[in-house]
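Peer 1: Each chain, written out:
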Amino acid sequence: EAGVAQSPRYKIIEKRQSVAFWCNPISGHATLYWYQQILGQGPKLLIQFQNNGVVDDSQLPKDRFSAERLKGVDSTLKIQPAKLEDSAVYLCASSPLSRAGPYEQYFGPGTRLTVT
Amino acid sequence: RKEVEQDPGPFNVPEGATVAFNCTYSNSASQSFFWYRQDCRKEPKLLMSVYSSGNEDGRFTAQLNRASQYISLLIRDSKLSDSATYLCVVNHGATNKLIFGTGTLLAVQP
Numbered sequence: 001e002a003g004v005a006q007s008p009r010y011k012i013i014e015k016r017q018s019v020a021f022w023c024n025p026i027s028g029h030a031t032l033y034w035y036q037q038i039l040g041q042g043p044k045l046l047i048q049f050q051n052n053g054v055v056d057d058s059q060l061p062k063d064r065f066s067a068e069r070l071k072g073v074d075s076t077l078k079i080q081p082a083k084l085e086d087s088a089v090y091l092c093a094s095s096p097l098s099r100a101g102p103y104e105q106y107f108g109p110g111t112r113l114t115v116t
Numbered sequence: 001r002k003e004v005e006q007d008p009g010p011f012n013v014p015e016g017a018t019v020a021f022n023c024t025y026s027n028s029a030s031q032s033f034f035w036y037r038q039d040c041r042k043e044p045k046l047l048m049s050v051y052s053s054g055n056e057d058g059r060f061t062a063q064l065n066r067a068s069q070y071i072s073l074l075i076r077d078s079k080l081s082d083s084a085t086y087l088c089v090v091n092h093g094a095t096n097k098l099i100f101g102t103g104t105l106l107a108v109q110p
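Chains A and B are the protein sequences, given in the same order.
Numbering-wise, this note's numbering puts 57 at position 57 of the first sequence, and it's gapless, one number per residue.
Numbering-wise, this note's numbering puts 89 at position 89 of the second sequence, and it's gapless, one number per residue.
Check each hint, because a few of them may be wrong.
[What the hints assert, rightly or not] Pairs of lysine to any residue, SDA-like flavour, derived with a Cα cap of 20 Å:
#	chain 1	residue 1	chain 2	residue 2
1	A	44	B	79
2	A	44	B	7
3	B	97	A	50
4	B	2	A	50
5	B	42	A	41
6	B	45	A	96
7	B	79	B	14
8	B	45	A	3
9	A	44	B	14
10	B	97	A	61
11	B	97	A	2
12	A	44	B	99
13	B	45	A	61
Everything labelled a hint here was simulated from the structure, so no lab data went into it.
What you are looking at is a predicted structure, and each value in this text was computed from that prediction instead of being measured.
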């Protein structure tokens, strides 16, 4: 079974530039998550989708971050404009529909973002 | 106060040693508990769920104390391949939202 796919794997940008990350979840997984993991910390949930609807975006810095999940499959996370403190690994995860949850979340390899 | 607190380590232990990690959580409404493992520069992967009755998977034993809001992971007969960061994870609510601790770094020495 194919895992969660993410691209790009690495990205270096200058502050104030914009950047976008892409995620393709495991086939059939209704729930998709974006996490930010800063060096030395655990992953922090940014946004959670169930199909193409947002379940939780309480920790998403909405002034600069946006995310969408068109057609309830792939998702993109965008940062515009980037700040130095956005340097982190951005992890995408997916899980089956959490009807009777919790279900295991499967993580992609992440995108390592460096903002200079 | 962080929702999930762990000793960041590092824990440096020799092969064959027994090592224990502890974790506390602040939200008494938390429903489910897990340990995830994260290798260097890799993604987190589920190691095991944690149940109130305690559960064991080979050399790994997890315990949950709801009254004290405390979770533990015991690794017996440590192997070099156990070297990784161990993340304590709490799930609360029906949305499957996971709250991660900062992780505890384990380095098993030959």
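Peer 1: Confirm or reject each hint.
Peer 2: Here is what the structure says about each hint:
1. A:44 x B:79: violated, 29 Å
2. A:44 x B:7: At roughly 18 Å apart (the allowed maximum being 20 Å), residue 7 of chain B and residue 44 of chain A satisfy the hint.
3. B:97 x A:50: With a Cα-Cα distance of about 12 Å, the restraint between residue 97 of chain B and residue 50 of chain A holds, given a limit of 20 Å.
4. B:2 x A:50: Cα-Cα ~27 Å, so violated.
5. B:42 x A:41: holds, 14 Å
6. B:45 x A:96: holds, 16 Å
7. B:79 x B:14: Holds - the C-alpha atoms of residue 14 of chain B and residue 79 of chain B are around 9 Å apart, at most 20 Å.
8. B:45 x A:3: It holds: about 12 Å lies between the C-alpha atoms, which stays within 20 Å.
9. A:44 x B:14: violated, 32 Å
10. B:97 x A:61: Holds, at roughly 18 Å.
11. B:97 x A:2: Violated, at roughly 23 Å.
12. A:44 x B:99: Holds. Residue 44 of chain A to residue 99 of chain B sits at ~7 Å (cutoff 20 Å).
13. B:45 x A:61: violated, 26 Å
Against the hints set out earlier in the document, violations occur for numbers 1, 4, 9, 11 and 13.
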